[in-house]
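Chemist: Following the hints, complete the assembly by docking chain B onto the known chain A.
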Amino acid sequence: MSGARVILRVDGVSKRFGGVVALDNVSLEAEEGGIYGLIGPNGSGKTTLFNCITGVYKPDKGRVFFDGRDITGLQPHVIARLGVARTWQKVRPFRNIKVIDAVIAGGLLKTSSISEARKIAEETLELVGVAREEWGKLGSEISLMEHKLVDLARAIATKPRLLLLDEIAAGLRPHEQEKLAEVIRRVWRERGLTIIVVEHVMKFVMSLSRKIFVLHEGRLIAEGTPEEIASNPKVIEAYLGIKPA
Amino acid sequence: MFNREILIALAIFEALVLGLGFALSGNNYLMLLAAQVLLFAVFVAAWNIIGGLTGQLDLASSAYMALGGITTSLLWMKLNVPPLLGVFAGGAVAMGLAVLIGLPTFRFGVKEVWYALMTASLVVILNNLFRYTMGPWDFYLPSKWGLIYLRPRTYFELFLIIDVVLVIVILVNVYISNSKIGYYLRSIREDELASESIGIDTRSYKLRALAIYSFITGAAGFLQIVIYSSFSYRLFDTSQAISIAIMGIIGGLGSISGSIASAVIFRTLGEYLRSSLGGVFPGLDLLLYGIMLIIVGVLKPEGLAGLFNQIRRWLGK
Numbered sequence: 001m002s003g004a005r006v007i008l009r010v011d012g013v014s015k016r017f018g019g020v021v022a023l024d025n026v027s028l029e030a031e032e033g034g035i036y037g038l039i040g041p042n043g044s045g046k047t048t049l050f051n052c053i054t055g056v057y058k059p060d061k062g063r064v065f066f067d068g069r070d071i072t073g074l075q076p077h078v079i080a081r082l083g084v085a086r087t088w089q090k091v092r093p094f095r096n097i098k099v100i101d102a103v104i105a106g107g108l109l110k111t112s113s114i115s116e117a118r119k120i121a122e123e124t125l126e127l128v129g130v131a132r133e134e135w136g137k138l139g140s141e142i143s144l145m146e147h148k149l150v151d152l153a154r155a156i157a158t159k160p161r162l163l164l165l166d167e168i169a170a171g172l173r174p175h176e177q178e179k180l181a182e183v184i185r186r187v188w189r190e191r192g193l194t195i196i197v198v199e200h201v202m203k204f205v206m207s208l209s210r211k212i213f214v215l216h217e218g219r220l221i222a223e224g225t226p227e228e229i230a231s232n233p234k235v236i237e238a239y240l241g242i243k244p245a
Numbered sequence: 001m002f003n004r005e006i007l008i009a010l011a012i013f014e015a016l017v018l019g020l021g022f023a024l025s026g027n028n029y030l031m032l033l034a035a036q037v038l039l040f041a042v043f044v045a046a047w048n049i050i051g052g053l054t055g056q057l058d059l060a061s062s063a064y065m066a067l068g069g070i071t072t073s074l075l076w077m078k079l080n081v082p083p084l085l086g087v088f089a090g091g092a093v094a095m096g097l098a099v100l101i102g103l104p105t106f107r108f109g110v111k112e113v114w115y116a117l118m119t120a121s122l123v124v125i126l127n128n129l130f131r132y133t134m135g136p137w138d139f140y141l142p143s144k145w146g147l148i149y150l151r152p153r154t155y156f157e158l159f160l161i162i163d164v165v166l167v168i169v170i171l172v173n174v175y176i177s178n179s180k181i182g183y184y185l186r187s188i189r190e191d192e193l194a195s196e197s198i199g200i201d202t203r204s205y206k207l208r209a210l211a212i213y214s215f216i217t218g219a220a221g222f223l224q225i226v227i228y229s230s231f232s233y234r235l236f237d238t239s240q241a242i243s244i245a246i247m248g249i250i251g252g253l254g255s256i257s258g259s260i261a262s263a264v265i266f267r268t269l270g271e272y273l274r275s276s277l278g279g280v281f282p283g284l285d286l287l288l289y290g291i292m293l294i295i296v297g298v299l300k301p302e303g304l305a306g307l308f309n310q311i312r313r314w315l316g317k
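As given, the protein sequences belong to chains A and B, one line each in that order. Residues 1 to 245 (the numbering used here) make up the first sequence, in order. Residues 1 to 317 (the numbering used here) make up the second sequence, in order.
Derived by calculation from the structure, the hints in this document are not laboratory data. Each hint should be verified, as a subset may be incorrect.
If the Cβ cut is set under 8 Å, some of the chain B residues that face chain A in the computed set are [as the list claims (entries may be wrong)]:
id: 1; residue: Asn28
id: 2; residue: Val174
id: 3; residue: Ile176
id: 4; residue: Lys180
id: 5; residue: Tyr183
id: 6; residue: Arg186
id: 7; residue: Asp201
Below, a sample of chain A positions facing chain B; criterion: calculated Cβ distance under 10 Å [said to hold, decoys possible]:
id: 8; residue: Gly43
id: 9; residue: Thr47
id: 10; residue: Ala105
Beta carbons: idealized from backbone N, C-alpha and C, even for Gly.
This is chain A alone, in the form it adopts within the complex (with noise of 0.2 Å):
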């Protein structure tokens, strides 16, 4: 992956809720075509550096270069214009609009017509593997599971150059994460964009990336690669809150 440009380099980046720290100067960079893990107890700041990066939150100090452009504290929908997407942590994203109307509202981005933006849709449903025949029904009657396809086929939808995924495992059963896991990695392959994923999962983000961050209490104690992270010492005392004999 070496030599490859840099396409998200998070600089310096500090967010503090009142007395809270949430991030305490972290600092990353993610190339372009990579595919990387972002992990760390909970409370451990992952979610709010995404919302840093994707203007849900301004960072308090520090900036964040999306390709070479500075980004910070822009609108959440000028990021994603920009070709920055994400997921949500959020269970259900949405309930009273069929789920091939919700897609088709995330290919609506990069196109004015709707028969394209369907167009679209439907290759994106096909890609994450949402069955054909839950393309008419209402998010309120589809499943945990079937929400996060949606839910990832809404953000592909948009045609981002980066993709974030907040938690998408959280609450899924193990078959369903190692399922998600196998449509993740078919994403990267095909669409050759760079996906960033936030888990709490363990084994799924071991799995999955080739490069690791550790957030702990706000700050970033470790990067590397899986087996690199699994035997540092500082990322398993982070875990079990324990120094390893």
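Modeler: Only chain B this time, still in chain A's reference frame:
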């Protein structure tokens, strides 16, 4: 865009409306009532754009209606602008106020119950403001009749004019619903943050929905004044604004057929109860009306649209 199913439904609806119009045309009282019911449906259909599609619980419908209607009337009375043109100015003034208020409202993320409270207070503020400037009097429209004044000699013709407006508003709804803006508005209704993340400028789209709704409501406001033949500060009526929102909700948020059906059915029932029971036992009509709303709310929380879908599925099988 306008597919066969929609055009057939609209044709059937129009056949019913016109049939009813002809049947009632001998009776002035019933004709006026029918015109009022249709105009109410116009306001509910316009509300559907901001409330049903976009999910903003707007309670200021009567403010835009009154502001637009009074503007059109004053232009006619003071400057001799025929209302056929004046209604566009009325719509524009209502839209101007809505956008002026909408800009900071959406900028600072006022939503849900806070948006409802804010829009409801707009009606109260304008009510007081107009009472102060206009006084407590009723102002009567000039004694001129004709199509350019949108003021025909018979209630049957008035009924027809309002029917044309209703068809236009329905077509606007269908057009919006099936184009990019409609997809975006529904997405905003479901979740604003998720909509932002797929590149939707939620503020600008909410503002567009508000502008379209307030323009239609303001332009149609003059027809309400034509029905009353007069206007006063009492047009800024909180209960009218709330009942328009209730009809949109009972009809099923975002469903144009549902909201029109609920407007027509409930307004007619309400008027019927009022005329048959209001004199015998004052207040009983309102009680029964309230009970009916509760029954629909409990049995069909997704509104009349849910019932229509059920029938459609049942017929399809």
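Chemist: Hint by hint, work out which the structure violates, then give me just those numbers in ascending order.
Modeler: Structure breaks hints 1, 2, 3, 8, 9.
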